[in-house]
Each structure stands twice: as structure tokens, then as C-alpha cells.
Amino acid sequence: MPHIEFPIGLQGIRGPLSFRPETAKPLNELADVLLHAPNSLTAGERELIATYVSHLNDCYFCQTVHGAIAAVHLNGDEDLVKHVKADFAHADISSKLKALLVIAGKVQRGGKNVTEDDVATARSEGATDIEIHDTVLIAAAFCMFNRYVDGLATWQPQDEDLYRERAKKTARDGYALTSRDYIPQPKEA
Amino acid sequence: MTLPHIQLPPELPGISAAMAFRKETAKPLRELAHVLLHESNSLTSGERELIATYVSFLNGCQFCQASHGAAAACHLGSSEIVRQVKASPGTAPISPKLKSLLVIAAQVQRGGKNVTAEDVATARTVGATDLEIHDTVLIAAAFCMYNRYVDGLATIQPEADEAYTEMGRHLAQHGYIQSSQNQR
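Line by line, the protein sequences give chains B and S. Residues in the first sequence are numbered consecutively from 0, following numbering that gives the first Met the number 0. Residues in the second sequence are numbered consecutively from 0, following numbering that gives the first Met the number 0.
Because the hints were derived from the structure by calculation, they are not lab data. Everything numeric in this text was worked out from a predicted model, so none of it was measured. Possibly wrong hints are sitting among the right ones.
Heads up, simulated DMTMM-like pairs for lysine to aspartate or glutamate below, C-alpha to C-alpha not over 25 Å straight-line [as the list claims (entries may be wrong)]:
no. : chain 1 : residue 1 : chain 2 : residue 2
1   : S       : Lys98     : B       : Glu4
2   : S       : Lys26     : B       : Asp180
3   : S       : Lys26     : B       : Asp31
4   : B       : Lys111    : S       : Glu158
5   : S       : Lys26     : B       : Asp128
6   : S       : Lys96     : S       : Glu38
Residues on chain S that point at chain B, a partial pick, calculated with CB under 8 Å [as the list claims (entries may be wrong)]:
no. : residue
7   : Ile5
8   : Arg21
9   : Thr24
10  : Val34
11  : Val107
12  : Val136
13  : Ala139
14  : Ala141
15  : Cys143
16  : Asp150
Ideal Cβ placement from N, Cα and C applies to all residues, glycine included.
Isolated chain B (complex conformation) (with noise of 0.2 Å):
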């Protein structure tokens, strides 16, 4: 049972998320922007960071809506998505992203543990500062989003077709957009 009351049927982050519209604009505009909107580092790519730290945090509803979405962008590689999060050292991906997402799991652990060592390696991987930037910004997002449908104990359920289904529109519309289909709107003046 979630500790407050949601609508019925809503999964993971949208019960609170339409509980409490005026928080969700923000939190889904800043999805956007961190996971959506054009980047130097693809959807796919930022995707991965975000289901990694959601692995990390033992998110099930984060790592698995994201793992779907971040597998929808890399032509549907579930296996590429699951290497990510066992192992990602020696996972296919490019040097810059494993550099990444090895200051992604520092910030998860608290942003003091990020050296500037972390730093130099992704910058001689290719890495921009906005890169940089946004890693630790996703990865610190995804404390907040894993705390807060973990601490309010949302419906979760554990059927990955649920959560295919549902990646194919989030990765082609995005999360504002999506929003709509379960926040309530508010009326046109």
C-alpha cells in the first residue's frame, strides 16, 4: 500500500506526480530537459545514466521505466541496457559515456566523492563541461525521483511488458507531453 493516497492504477512516479500537479510541471520540465531535449550526449546515452543510477539506488519502478526508454533510443538493445547497469566497464559503450557514468555513481554516493580526477579522465575522453554538468545533474535527479517513489511506497508492479509499452510514447513525445495523458489539466482561459 502507498503510504498516502493515489488515484487508482497509476504506476511508480505518476501517483504523486498527479496528486500533486503544481510539483510535477517542474519535476517532468526538468526530465525534459536533462533526458529529452537536444544534447551533445543522445537520449539513449542520458538514458542510460539515468537507469544506472536508479540500479544503484534499487529503484525498480526507475530502472526499469528508464532501462525501457534508454532501450527504445539504442534500437531496442535490452541486453546493452542490462550490461549497463551489471557492469558497464566492460559494457559497448563509448569511453566518454563509461567515464560518465563512473562520476554518475560518485554523486549518487554524495557529490563530495566526484575527484577532479573523475573529471580530467572524462574531459581526456571528450567530454564538455555542459556533459559533465548534466551527468552529475542527472545523476543527482535521480536521488530525488528513486527517494520519492521509493518514500512514498508507490505502486510498482513488476511486469516489464508494462513498461515497454509505455517507453515506446515517452521516448517519442517525451515526459511533459505524457504527462498529460494521467495529470489532470488545467483549464484553457
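Based on these hints, arrange chain S on the given structure of chain B.
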């Protein structure tokens, strides 16, 4: 003095520098803080700033605990309460409801799954509403983000709490939509 990990505007402290660096993410980050801490709510701004301060203290983030502590002190008219809440929330001169919400906030700080049905039931028996419980969880979760953002980029953070008094006053009066740094 160590430098930030990326090239941030050197004249700005803490999160202000990161927000100036990336305005696209600053906008929702500011709006979220504004709704959670400043807009009208059955929890006072002072109470909500205390939750933010306490979580930032648990995460060891100097900039966030000092700036939100200063905002809380401004709302509450006392920096002593802020000090007591950080040192020992269970014995600080605050309501039983806020004490129970701080217990929930601390559980969220360690990880969302730590919040128990009992923690929530206790908060309800001392008068917390669903919205207040929701907002407490989200404030605590959001500061696990803001704290990591500020420290993960190694932003410049003045050590003396006094350096944050003016910032706290600005936050308490105007909220979070505009930067506290370009009003002077």
C-alpha cells in the same frame, strides 16, 4: 582553494553558479524549490525550510544548509531554533508534527525504502495531512538532488554561516524564481 570541476562564473557561490551556467535546467530547479518552500502551504515556510536545512545538514552540504538555514532563521526570527533542529530535532522547540515529519525526511535522506508505514502513521496521529507527508518526502528527496548538484560540481561555498544571512533574507522574502545573486 579548490576550483569547481567545470568552468562556472567565478563570482557566484554554490548553486547560483551552476544555475547561471545552465539556464535551461535552472528554470525547473527554481520552480520546484519555489513551490516546495515558498508558495502558500499548510506547513509554514519556516517549517519547510527547516526540513530542507536538516536534510542538507545530513548530506553534509555547507552551501545548502547555511543558505536554507538562513532562510529558515529569517522566517522564524531565530537562528537558535535552526541550530537546535540540526543538532537534535527530537528535543528542539518545534511541534510534534514537525518532529514526525523530520523523522520521515531523515529516512528519505538515507533512501526512500526506509520510510515505514509506522513513520507515516505517527505523523498522521500528530496531525499531518497527506499533502504535508507528500511535500516532506519530496522536499527531502529534492535536497538529496540539490546537495549532490552543489557538491558534485565542487562549487565555491563560503564557510562562515554569516556569509549567508543576506541570501537567506532574499530567499525568505522573494522565494526562488529569481536568483538571490543579481538583486544587489
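**Message:** The hint names Ala139 (chain S) as touching chain B; please verify it with the least Cβ-Cβ distance against 8 Å.
**Reply:** Holds, because the Cβ-Cβ distance from Ala139 (chain S) to chain B comes to roughly 7 Å (cut-off 8 Å).
**Prompt:** Was the hint right that Cys143 (chain S) lines chain B, CB cutoff 8 Å?
**Reply:** holds (5 Å)
**Message:** Using the nearest Cβ pair, does Asp150 (chain S) come within less than 8 Å of chain B?
**Reply:** For Asp150 (chain S), the interface hint holds, since the closest Cβ of chain B sits about 3 Å away, which is under 8 Å.
**Message:** Take the shortest C-beta to C-beta distance between Val34 (chain S) and chain B; is it under 8 Å?
**Reply:** holds (5 Å)
**Message:** Holds or violated: the hint that Arg21 (chain S) contacts chain B, with Cβ atoms closer than 8 Å.
**Reply:** holds (6 Å)
**Holds or violated: Lys96 (chain S) to Glu38 (chain S), with C-alpha atoms at most 25 Å apart** = holds (20 Å)
**Message:** Hint check: Lys26 (chain S) vs Asp128 (chain B), CA-CA at most 25 Å. Holds or violated?
**Reply:** Distance of about 19 Å is within 25 Å: holds.
**Prompt:** Under the criterion of a CB-CB separation shorter than 8 Å, is Ala141 (chain S) in contact with chain B as hinted?
**Reply:** Cβ of Ala141 (chain S) sits 5 Å from chain B, so the hint holds.
**Prompt:** CA of Lys111 (chain B) to CA of Glu158 (chain S), is that 25 Å or under?
**Reply:** holds (16 Å)
**Asked** Is the hinted pair Lys26 (chain S) and Asp180 (chain B) satisfied, with a Cα-Cα distance of at most 25 Å?
**Response** Roughly 24 Å between the alpha carbons, so the hint for Lys26 (chain S) and Asp180 (chain B) holds.
**Asked** Minimum Cβ distance from Thr24 (chain S) to chain B below 8 Å?
**Response** holds (5 Å)
**Asked** Holds or violated: is the Cβ of Val136 (chain S) closer than 8 Å to a Cβ in chain B?
**Response** holds (4 Å)
Comparing the model with each earlier hint shows no violations; every hint is respected.
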